[in-house]
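Participant: The residues making up each chain are set out below.
Number of protein chains: 2
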Amino acid sequence: MYNLLNGLSVIEASSFVASPTAGLYLAQMGAEVIRVDQIGGGPDFRRWPVTEANDSLYWENLNRAKKSVALDLGSPQGRELLQELVRKTGQFVTNFPAEGFLSYAKLAEGRADLITVRVMGWADGSPALDYTVNNSVGYPMMTGAGPEPVNHVLPAWDLLTGAYAAFAMLAAVQKRATTGEGLEVRIPLSDVAIGTVANLGGIAEVLYTGANRPRLGNAVYGLFGRDFVTADGVRTMIVVVTPRQWANLITALKLENAVAALEAERGVSFAKDDGLRFNHRDALYPLFGAAIAARSHADLAAAFDAGGIVHSAYRTMLDAANDPALVANNPVFGAAANPSGFDYPAAGSFATVPQLDRQAPQPAPRNGANSEEILAERLGLSSGAIAALIDSGTVGRG
Amino acid sequence: MYNLLNGLSVIEASSFVASPTAGLYLAQMGAEVIRVDQIGGGPDFRRWPVTEANDSLYWENLNRAKKSVALDLGSPQGRELLQELVRKTGQFVTNFPAEGFLSYAKLAEGRADLITVRVMGWADGSPALDYTVNNSVGYPMMTGAGPEPVNHVLPAWDLLTGAYAAFAMLAAVQKRATTGEGLEVRIPLSDVAIGTVANLGGIAEVLYTGANRPRLGNAVYGLFGRDFVTADGVRTMIVVVTPRQWANLITALKLENAVAALEAERGVSFAKDDGLRFNHRDALYPLFGAAIAARSHADLAAAFDAGGIVHSAYRTMLDAANDPALVANNPVFGAAANPSGFDYPAAGSFATVPQLDRQAPQPAPRNGANSEEILAERLGLSSGAIAALIDSGTVGRG
Numbered sequence: 001m002y003n004l005l006n007g008l009s010v011i012e013a014s015s016f017v018a019s020p021t022a023g024l025y026l027a028q029m030g031a032e033v034i035r036v037d038q039i040g041g042g043p044d045f046r047r048w049p050v051t052e053a054n055d056s057l058y059w060e061n062l063n064r065a066k067k068s069v070a071l072d073l074g075s076p077q078g079r080e081l082l083q084e085l086v087r088k089t090g091q092f093v094t095n096f097p098a099e100g101f102l103s104y105a106k107l108a109e110g111r112a113d114l115i116t117v118r119v120m121g122w123a124d125g126s127p128a129l130d131y132t133v134n135n136s137v138g139y140p141m142m143t144g145a146g147p148e149p150v151n152h153v154l155p156a157w158d159l160l161t162g163a164y165a166a167f168a169m170l171a172a173v174q175k176r177a178t179t180g181e182g183l184e185v186r187i188p189l190s191d192v193a194i195g196t197v198a199n200l201g202g203i204a205e206v207l208y209t210g211a212n213r214p215r216l217g218n219a220v221y222g223l224f225g226r227d228f229v230t231a232d233g234v235r236t237m238i239v240v241v242t243p244r245q246w247a248n249l250i251t252a253l254k255l256e257n258a259v260a261a262l263e264a265e266r267g268v269s270f271a272k273d274d275g276l277r278f279n280h281r282d283a284l285y286p287l288f289g290a291a292i293a294a295r296s297h298a299d300l301a302a303a304f305d306a307g308g309i310v311h312s313a314y315r316t317m318l319d320a321a322n323d324p325a326l327v328a329n330n331p332v333f334g335a336a337a338n339p340s341g342f343d344y345p346a347a348g349s350f351a352t353v354p355q356l357d358r359q360a361p362q363p364a365p366r367n368g369a370n371s372e373e374i375l376a377e378r379l380g381l382s383s384g385a386i387a388a389l390i391d392s393g394t395v396g397r398g
Numbered sequence: 399m400y401n402l403l404n405g406l407s408v409i410e411a412s413s414f415v416a417s418p419t420a421g422l423y424l425a426q427m428g429a430e431v432i433r434v435d436q437i438g439g440g441p442d443f444r445r446w447p448v449t450e451a452n453d454s455l456y457w458e459n460l461n462r463a464k465k466s467v468a469l470d471l472g473s474p475q476g477r478e479l480l481q482e483l484v485r486k487t488g489q490f491v492t493n494f495p496a497e498g499f500l501s502y503a504k505l506a507e508g509r510a511d512l513i514t515v516r517v518m519g520w521a522d523g524s525p526a527l528d529y530t531v532n533n534s535v536g537y538p539m540m541t542g543a544g545p546e547p548v549n550h551v552l553p554a555w556d557l558l559t560g561a562y563a564a565f566a567m568l569a570a571v572q573k574r575a576t577t578g579e580g581l582e583v584r585i586p587l588s589d590v591a592i593g594t595v596a597n598l599g600g601i602a603e604v605l606y607t608g609a610n611r612p613r614l615g616n617a618v619y620g621l622f623g624r625d626f627v628t629a630d631g632v633r634t635m636i637v638v639v640t641p642r643q644w645a646n647l648i649t650a651l652k653l654e655n656a657v658a659a660l661e662a663e664r665g666v667s668f669a670k671d672d673g674l675r676f677n678h679r680d681a682l683y684p685l686f687g688a689a690i691a692a693r694s695h696a697d698l699a700a701a702f703d704a705g706g707i708v709h710s711a712y713r714t715m716l717d718a719a720n721d722p723a724l725v726a727n728n729p730v731f732g733a734a735a736n737p738s739g740f741d742y743p744a745a746g747s748f749a750t751v752p753q754l755d756r757q758a759p760q761p762a763p764r765n766g767a768n769s770e771e772i773l774a775e776r777l778g779l780s781s782g783a784i785a786a787l788i789d790s791g792t793v794g795r796g
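Quick mapping for you: the protein sequence lines, in order, are chains Y and Z.
Residues 1 to 398 in my numbering are what the first sequence spells out, letter by letter.
Residues 399 to 796 in my numbering are what the second sequence spells out, letter by letter.
Bound conformation, chain Y alone (with noise of 0.2 Å):
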């Protein structure tokens, strides 16, 4: 937690994973994010993986930081109150759709410089879920060993979605102080998935070749880095992106005469063409492999450190949470007490400020916790009106 964005406040309603990571950055930067849910609990609210109290171990984390206000959003009445938070507080993330209670225009009649950014499915508004745009991209088409298509586990599109519609609310509001105009930023899941194979050229490289690129398995393209196997069968990815890094692999891995024979054998040299030793990894690989396979993990890491060579192990997830560089010792990490009663290391920001103090990560709020207090600050209404509302089932508290 940090306290770049102390003095904005926006509303969040939404689900999953996309629209509650936007909230999620923006709060752990320190603005003020509330999000609207059902009384009890929105569709995301019981995801897996869950306690066997059926507490959500996701919703928990994904909605750290944040206050919770619960409605009754089938009702009229709720749904006029969210959209009266909307208006009052100025600032709405939500993947709630296009054209509903949530529109644009119905919003922005009481708050003409109302900015929304809204999450979407397909750009015209048909449902769409990172799963589905993963597939309709091409991706796991190329990857694995083939020939079976492989589906990514992390939530990459939503995940790079969610830090882009939090980065659009910045620019939105900075476009705003210089126009006082409102305006909606929509962002679907659909343009982000082809519009990154663009930026990363794939649309051109496709077009190009008319052909799409062979699967490479766990190979990297257009370079020299692949997983590979130590003598004590630790399985270590490699990459080389610098001519440093290959002199000094070459160097750690005692291969100077035999690439050095290669060269000769094929004509090109090596040190300075990241696509050559990619063009090359037939005689390449097997000859670094076999270095590899004859050292262990240990004896090649040190070398590989101190040549500055990148390289990691594989380990599972249970791994990588149990070790202190990662997680108990790294300052990202801290206490929270989570509404599942279960602790564990709990994430702040990503991003560190050597300028300013980290503040301890926060903990999700309870469905409701902050209703009272929010309708009352922010609308204006009184104790014994927000009791008529929870007494009607309109407003929830946690």
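Just so you know, the hints here were simulated from the structure itself, not pulled from any lab data.
Just to be clear, a hint being listed does not mean it is correct.
To be verified - Derived, one-sided and incomplete: chain Y residues facing chain Z with beta-carbon distance under 10 Å:
1. Thr51
2. Glu148
3. Glu265
4. Val268
As the structure is a prediction and not an experimental result, all values here were calculated from the model.
Backbone N, C-alpha and C fix where the C-beta goes; we use that ideal spot for every residue, glycine too.
Position chain Z relative to chain Y; hints supplied.
Facilitator: Okay, now just chain Z, sitting in the frame of chain Y:
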């Protein structure tokens, strides 16, 4: 391209994916982003995919809408010019080492309110890349059918880091507007990766269960979602995240009786519980798989679309590039005169702002294309002084 960030100027000294995408996202939202590179190009200037003339289709897409200044960054004079450009500009995005000639302390000597966003590998400054942080946090061990780990092809950590870096730049600018103070925001790939594991509930999950999640192949954890194959051999991903989608999927596949029988047999109701659908996937997937295998993709797609069911067929990147809805007819794409000379649809901002006119995507600059203009305007150098720097090999021009 949108003009949300007009008036913001950023120096970018970077390579590969994460830091350049931060600059790209800022530029596509209207910031002036001046990429400073080694004369002739940095370490990513020839990165694959490349044309037959060795022009990088990767580089020219990750650097659209930027300006380019080329300097000899190996020389003291070239380094001083970059330092001065950063100081005069006040905003800097980089993945150069934290403790070199571009350290925050050095740069802030002449510019106390400097904002630097620094993408790093490991938080301690040691080198890491997308493909090595990925296997260190466990995702490849969860991906695919097993038993071998499967690397992702999409550089997801780089992309997330880049978007988060663009967000962090705007957050820091907003903070500075209130305090007048500069700061450095450090974003290590390793913290983005382990922090994301935490945000998605992964740290909590493995510490709660004491075990790693089993591999699920192309199935999604904790809900009904998997790839299926239609009667005409189309592999399609189907994911259910709402009760309505579940009900409509059953109707579309005419499985009302079969699902009711299974619910009776097992004493459960799948209507509102993602977790139960996941727990009973041993029975549900064969049932749905058989119903899907009996019908054509066109028939099913029409029924699914009518029911708001989230689905999409697997296809290749070439298929995606040739899909008019995704590319040729998508307003995100437009024409741009690329440095490679190859014409293809160029992507603009992922975001769409209905209230504003979208401007055409811009091409990437040639190396050094803007050296003279920027050195004159930003540093106040005379044309004679610039000519001397070009003659001495300190400055390059495109």
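Participant: Indicate, hint by hint, whether the structure satisfies it.
Facilitator: Outcome of the hint check:
no., hint, result
1, Thr51, "6 Å, holds"
2, Glu148, "8 Å, holds"
3, Glu265, "23 Å, violated"
4, Val268, "14 Å, violated"
Hint compliance for this structure: hints 3, 4 are not met, and every other hint is.
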